[in-house]
Amino acid sequence: MFFRNLFFIVLVLGGAATLVANLIPPKHGFKPTPTNPEVFQKNDFLETVYRVNASFEQTWLKNKIQPAVDADDLTIARRLALGLMGTIPSLEEIRQFESRPQGERLTWWIDHVLQDRRFADYLAERFARVFVGTEDGPFILFRRRKFSSWLSDQITKNVPYDQIVREVISTEGIWTENPATNFITVTAQKDKSNQPDPVRLAGRITRAFLGIRLDCAQCHDHPFAPWKQSDFESFSAFFGQTHVGFRGVYDGAGEYTIDDKRKNIKRTITPKVSYAPHLLPEEGALRARLSTWVTHQENTYFSQAAVNRVWAILCGQPLVSPVDNLETEALVPPALKILAEDFASHGHDIARLIRIIATTKSYRMQSLSDNDDSVNAEKLWAQFPLGRLRPEQVAGSILQASSVSTIDAESHILTRLARFGDQNDFVKRYGDSSDDEFDNRGGTIPQRLVMMNGKLVSEKTKGGPFSATTRINWLAPSEVKSIEAVFLTALTRRPTAEESDFFEQNLKNPEVSKGQQIQDLFWALINSTEFSWNH
Amino acid sequence: MEPLGRRPFLKTTAMLAGSSWLTPVGQWLARAADGDAPGALPSKKSAQAVIVLWLQGGPSQLETFDPHADSTIAGGTTKIATAVKGIYLASGFERLAEEMGSVSLIRSMISKEGDHERGSYNLKTGFRPDPTVVHPSLGAVACHELSIGKAEIPRHVSILSSQWPARGGFLGDKYDAFQMTDPAGPVPDAQAHVDSNREKSRLKSLGIVEQTFEKGRSKRVEETQHKNTTNAALKMMTSEQLKAFNVSLEPQSVQDLYGNTAFGRGCLAARRLVESGVRCVEVTLNGWDTHANNHQFCKTNLKTLDPAFSGLIRDLRQRNMLDKTLVLCMGEFGRTPSINPAGGRDHWPSGFSIALAGGGIHGGRVIGETDPEGKAEVKNPVRVPDLHATVFDALGIDYDKLNQTPIGRTVKFSEGKPVRELLDA
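For the record, the sequence lines run as chains A and B.
Heads up, the first sequence is in the working numbering, so the first residue is 1485 and it goes up one at a time.
Heads up, the second sequence is in the working numbering, so the first residue is 21 and it goes up one at a time.
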């Protein structure tokens, strides 16, 4: 009996100690994530960063734009968390971050994030939206979850991007064992005994991997680019021998024929690429040859499209807009070319690309300026752009803001389940703007309604035993400290002097309980522009 | 203001007065109350609202408004007589046929856009997609040009929105349609969880944080629409007009008139919203992209469209609202006269049909005709901008006026000419 009591007391004390540890800055550091700061110091790394910065600086000079000053470390840490993990840093992570020596914090944080499973999962989901779309696809033949967790595994292992894409385009086999094949099966046509659709595949590959809209030439010659209708047909013909059978996706025989509806005849189409034919291997299965051509180091569209997308995922805006439209050479800024060259010549290393982008001057600038010529400054990357967060980023942020410790993939399975349910319902209500991922339009009324009155926010700000509201209320040593903790938890910054004064007065109001005041402060911060827009 | 609207209005204003950052909406409300809103008040003769029944996917003209029953291109589609002698509709439109005296058809619509996204843009805005400017949709223009009136809810609404809902374009995102799903019940999340005192204090706190964030970013923060949409949401939450969204408040007989479908409920909500002062409602019926089994799909779709469209016209007429409400039924293009091997029809922008009713449009008229063999060019073609000019003319909107776009280009609301036969006596 005595031991059981003792055990209980120890458990309670241990629990309390953990709670306190999360709130109060540590005296001695946490177990640090292993990092390799020397990567950031290598000559060819620094040179690329320097060249990108210089190319922007030239544009600013030419347009007489004063670039914004550097943002503080916490602001950048928040950007990185949102862009790479779809959520904000936890109070626990902020304490770890600040325990690092100044000057090392951001490189440590970038590497910390890159090693976090949430990063691989989130980037995989962003890629999957582009590779296979957002819809459920054909029943049984298509397993979206398998595909995105396979992608996530590849990202965790830092498999080169070109290799990932080659597998996506050319893998044979069954969709459950070789999840890359879901790229093919998502286009299975029910009315044509589940054969994959060459037209959709060709459209997807050119848009997602090359940033060109060859599919506009599906019905007519392209209005702005040199593509002809026949280019699209010959490109589609690379999938003329791809079939779906009992053993999954395989390459067989056969020719690609299409019905010419105008002339009412069947035409046979020979596979052909629309440019750079010398990069296409002569031997091998059609799909494998095409995948080599698409990902070839000299196929600049491939590396530029990847860089443009990764830049957009990190910054909220692509360098060239729309993100899948790189056809007009004159609109491709030098920075994109420099980054793409670096990406192609360093083995299409996604982690390296992210480290470089996150080190550039443009990424580390403030999203505000004195002269408020912000629209133009944003366009030329002389100021970090305000970007509307995607629904799942907002959901992830609300969930993280409701807890002082980190909610991540290693959390208890129940937390994860709760997270999925909450997130899906919220995402539906909040509204996905459309397939166009970076249109950056204004917010909507339904979004405000769901944030002000919706279930997720009201439940998460309510005081449960593990909620941030309760823990901060109980454990923060003073009013000022609890206000600071709420600001750090929800907005990843400390309150300004005015804010601190204002909310301290609020907390001292004897008519309203401290718990309710903290809850209402959370509500206000979560409903702010600052919370729903990346800055 | 109506007696019903006054209390919530005062309540909102009082609540907003507590927080200084909300002043623009205060001014806006005051202006609305004075009737001194921007844009002209609609003249007595003009229509005051427009309801767009959007047939997403490109409806086949042959199985809807332009049957050629005796020709080979019909592929078996039959026609029915209507209340107007000499005008025939495809079978399936039995109830709409009874309302033909109020409905007119344009059977000679032509455009150059055969892609869903581009075609939708074209029909919704009256312009072809242009990389340098985003044009406003019809409803956005109506909201911009007509007075705010008595509406406390969003004046531009899209029900069951497709992938490309109506947008504000260069007029600004605040003219984007308010999107909602099946209006079978109350608007979700429109009820505050806390009492008004606590709400007031929360909003005051929000105002403090907003001030910090606006420093050095005022212009961009304004463009996020965050403040505008917060204000509009707060105004909605306390408005009696919120009930306009909820069709379950209608008598069962009225609900039945529209057919018991999500689209039917959308049309009924559209009527209720227009009654509350909403300027434009877009209701989408998906499922018209009939590349295979065209006839079967069209037949199913008509079972939904026929009662909803005809019920809307009848209901508006019974309430004396038909003269002031223009109903427009259209999709992004038509479908080929020839039938493909899968029994489908493919995209066809060179000769398709749309229907109009109410809002000062003369009923029982047909503009243009298509070739019964599907070969010759259409007679008396109507271009998409002409359709838009016709609708704007009916709404009393000066579509010829030059507008500045954000990049300084001048653009008219429509480059077309109204179809006079539909407007004149």
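It should be emphasised that the hints constitute simulated quantities derived from the structure, not laboratory data.
Every value quoted in this text rests on a predicted model; they were computed, and no experiment measured them.
Any given hint might turn out to be false.
What the hints assert, rightly or not - Coverage of chain B stretches by chain A, computed from C-beta distances (three or more under 8 Å per stretch; other residues unrestricted):
1. 194–203
2. 262–276
3. 316–324
Unchecked claim - Calculated from the model, a selection of chain B residues having no Cβ within reach of chain A, i.e. all distances over 10 Å:
4. Thr-152
5. Glu-230
6. Thr-250
7. Ala-396
For glycine and all other residues, C-beta sits at the position ideal for the given N, C-alpha and C.
Hint check:
Judged by the Cβ-Cβ criterion of 8 Å, the segment 194–203 of chain B is covered by chain A as claimed, because 5 of its residues qualify and three suffice. Using a Cβ-Cβ cut-off of 8 Å, 0 residues of the segment 262–276 of chain B lie near chain A, which falls short of the minimum of three, so the contact claim is violated. With 0 residues bearing a CB less than 8 Å from a CB of chain A, the segment 316–324 of chain B misses the requirement of three and the coverage assertion fails. Listed as outside the interface, Thr-152(B) is consistent with that label: its C-beta sits roughly 12 Å from the nearest C-beta of chain A, beyond the 10 Å cut-off.
Not every CB of chain A is more than 10 Å from the CB of Glu-230(B) (nearest about 6 Å), against its label as outside the interface. In this structure Thr-250(B) is not separated from chain A by more than 10 Å, as the shortest Cβ-Cβ distance comes to only about 5 Å. No beta-carbon of chain A comes within 10 Å of the beta-carbon of Ala-396(B); the shortest separation is about 16 Å.
Violated hints, in rising order: 2, 3, 5 and 6; the structure is consistent with all others.
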